[in-house]
Amino acid sequence: MATTTAPIGIREPGGRLRDELAAVAVVWRRELLRFARNRTRMIASLVQPLLFLLILGTGISSMLPSSGAVNYRTFMFPGVIVLAILFTSLGSAMSIVWDREFGFLREMLVAPVRRGAIVFGKCVGGATIATVQGLVIVALAGVVGVPYSAGMILELIGIMLLGSLSFTALGAFLASRMQQTESFMAVMNLVTMPMFFLSGALFATRNLPGWLAFLTKIDPVTYVVDPMRRVVFAHVHTTPAARRTLAAPLTWGHWVVPIGAELAIVAIIGAVALGLAVLEFERTD
Amino acid sequence: MGATAVHAENPAVTAAEAEPVVAVRDLVKRFDRVEAVRGISFQVGSGEAFAFLGPNGAGKSTTISILCTLLRPSSGTAWVAGVNVANDPLGVRRRIGLVFQDPTLDEYLTAEENLRFHAELYRVPHSVIPARLDQMLEMVELSGRRHDLVQTFSGGMKRRLEIARGLMHSPRVLFLDEPTVGLDPQTRSHIWSYISELRSREHITIFLTTHYMDEAENCERLAIIDNGEIVATGTPEALKEAVAQDRIELQVDDRDEAIAELHDEFRIDATFSEGSVVFYAANGDELAPRLLRELKTPTRSIRIASPTLDDVFMAYTGRTIRDAEASESERMRSRPMARARMRR
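Just so you know, the sequences run in chain order A and B.
Oh and the first sequence: position 204 is 204 in the working numbering, straight run, nothing missing.
If you want the working numbering, it's the 1-based position in the second sequence plus 1000.
Rather than coming from a laboratory, the hints here were simulated on the basis of the structure.
One thing to keep in mind: the hints can contain errors.
Some, not all, of what chain A presents toward chain B, calculated at C-beta under 10 Å [claimed, not checked]: (1) R29; (2) L33; (3) R39; (4) K217.
Built from N, CA and C at the ideal position, the CB exists for glycine as well.
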C-alpha cells in the first residue's frame, strides 16, 4: 500500500487523549456559541422557573400561616434552581436529536475522534449552559430571603454542574435512541414533570405517605434538590423547628444520607447514562 | 438487442492502479435480508477522479458509507489510503474528506465558524487554520460571506461550503455522495468547475457517486453499478466504445409499419421511444444510406448518435437509468422504513 505523508503543516492526529480532549473542547465551544446566539432559548428556559418562584411561590406563601421563620419561597428556592438546570439540560440534550435531523450530527460522527468525546463534549456544553441559567436564579437569592454568601454560591455551582451534567447525560441517552425531535419532546414532557414533582422541589419529603416517599427516593432529581436545600438552609437564619420540618435531610430508613453520598449517586447515574449513550452512538450499523 | 458484456479497461490507467488509493475486494453489505452490495471489487488510483454511476438504490451510498467507515462491511475488504476500513476507522477518517448527499452544516453558525469547527475537530494546527480558511473560502468564492450565518445561504452556496469544509484538513481522498443532487443546472456546472480546479490545485483523489450521466462524463474512470453489483468499469470513452453500437433514431409517418419492416427485412429490433423509432447497430454511418435506399416506409429523418453513458447502462442492464430510478422510487415509496434507514 502506498504511504504518502500528509501535506506540510498538517499534523496527523493520533488517537491520543489530547486529541479527544480537543474534540470535547470544540464541541463544548459550539454549544456555548449557539446558546449565546439564541436569546429566545436563553429567556424561554428561564420563564418557567421564574413563574414557579415568583407567582406560585408568592401565592402559596401568602396562603400559609406566617411562621415568622421561613417563607415558602425560600423553601422552594433550591427546587426552582433545579427546575432551571433540569429544563436547560434536557433542552441541550434535545439538540442532539436536532443535530441528527439537520445532518450536523453526521459531520461530528465521521470525525476522526471517538464518539465518546463528541457525546461528552455535548454533555459538558449542556451542563455549562444549564449552570449559567441556574446562576441567574441564584442571583435572585436576595428576593426570597437567602443571603448572598460566596461559600454558598460556590457550593451551589458545584452541585449545579454535577446535577446538570447528569441530567444532560440522561437526556443524551434518551436522544441517542430518538430519530425525531417530536418524539424526544413527547418523552421529555412525559418524564420531566413527574421527575420534578417527585423530587421534593416543591414540598418537604419528610412526612409523606409511604408510596410517595418511596417514589421520591427513586427519583434521581431528589438527590440534586436535597443537597442544594441543605446548602441553602445552612445559610438561612431560622428556628430549629422550622429547620426540622422544612430542611430535614433525606433519610433511607433511619440513616441520614450524607451530601457526599447523594452527590455520588448523581454522579453514578450520570456516568451510567453517559456510558449507555456513548455505546448507542458507537454502533456503526 | 443483446447486451455485449465487454469489460472495458483502458491501459492508460493501469499505471495509476499500481498504487490504489481505494481498493475494494469482494465487498458485501447485507441489511437484514436485503443485500445492498453484492460482492464488488474495484480500485481507484492516486489522483484519479472516479465515479460510481447508477440509479438510486443501486448500492452507491452504501458503498461510500462503508469506505467512510460509517457502515461496517458484512464481508470482503476495503482499504482507503492504505488503511483497512474495518481495522482502523479513525485512521481512515483522518485521511478522507466527505461531502454528504444531505446538507450537514450548522445553520446557526457562520460559514467561517463551520470551517473552523471542522478544522479543530480534525486537529489542523492552529497556526495553519487562518491561511487554510482563506484559501478554501476563496476557492469556493464565499470569502465575502464568511461571517454570514449559513441559514442565509442558497443550496448551491451550502454545497460549496461543504466542499470547502471537506478539504480543510487536506485529505487524500474526497468522497462526494451525489454532490449536485437537487441543484439547478447552472449551479451544478459551477460545482463542477470548483471540483476540477480543486483537482489541479490539491492533487487529490476524488470519489463520487452520481446518477447523472453528464457528471460521470467529467470523471476519468467510472464504475457502473446496478442492483448492488458492478456491471462495468472503465473510462467513459472506453465504456462507450465497448458498447460499439450507435443509436439510430428514425422519424417516420407510420411507426408500426417501420418497426415491422425493420424486423422483417433488416432483422433489426427497434422500439418506439420519445417520438422516434430507435435501435442500436454497429457502424450506423454505413447502415444509414442503405436504410434510406431500401426502407419502404416513408422516412422523414434519420439521426445517428454515438453511444452515451445511458446507452452503456442500457447495454449492460437492459434498461435506462431513468427507468431504474422510476421502479426504485416506487419500491421506496412502498417501504418507508427503507428510506428512513438510508437517511440515517
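Tested hints:
1. Nearest Cβ of chain B to the Cβ of R29 (chain A): about 8 Å, under the 10 Å cut. The hint holds.
2. Interface restraint check: L33 (chain A) against chain B, minimum CB-CB distance 7 Å, threshold 10 Å, status holds.
3. Because the smallest distance between the Cβ of R39 (chain A) and any Cβ of chain B comes to about 12 Å, over 10 Å, the interface hint for this residue is violated.
4. About 39 Å separates the beta-carbon of K217 (chain A) from the nearest beta-carbon of chain B, more than 10 Å, and the hint is not met.
The structure fails hints 3, 4 (numbered hints given earlier, in ascending order).
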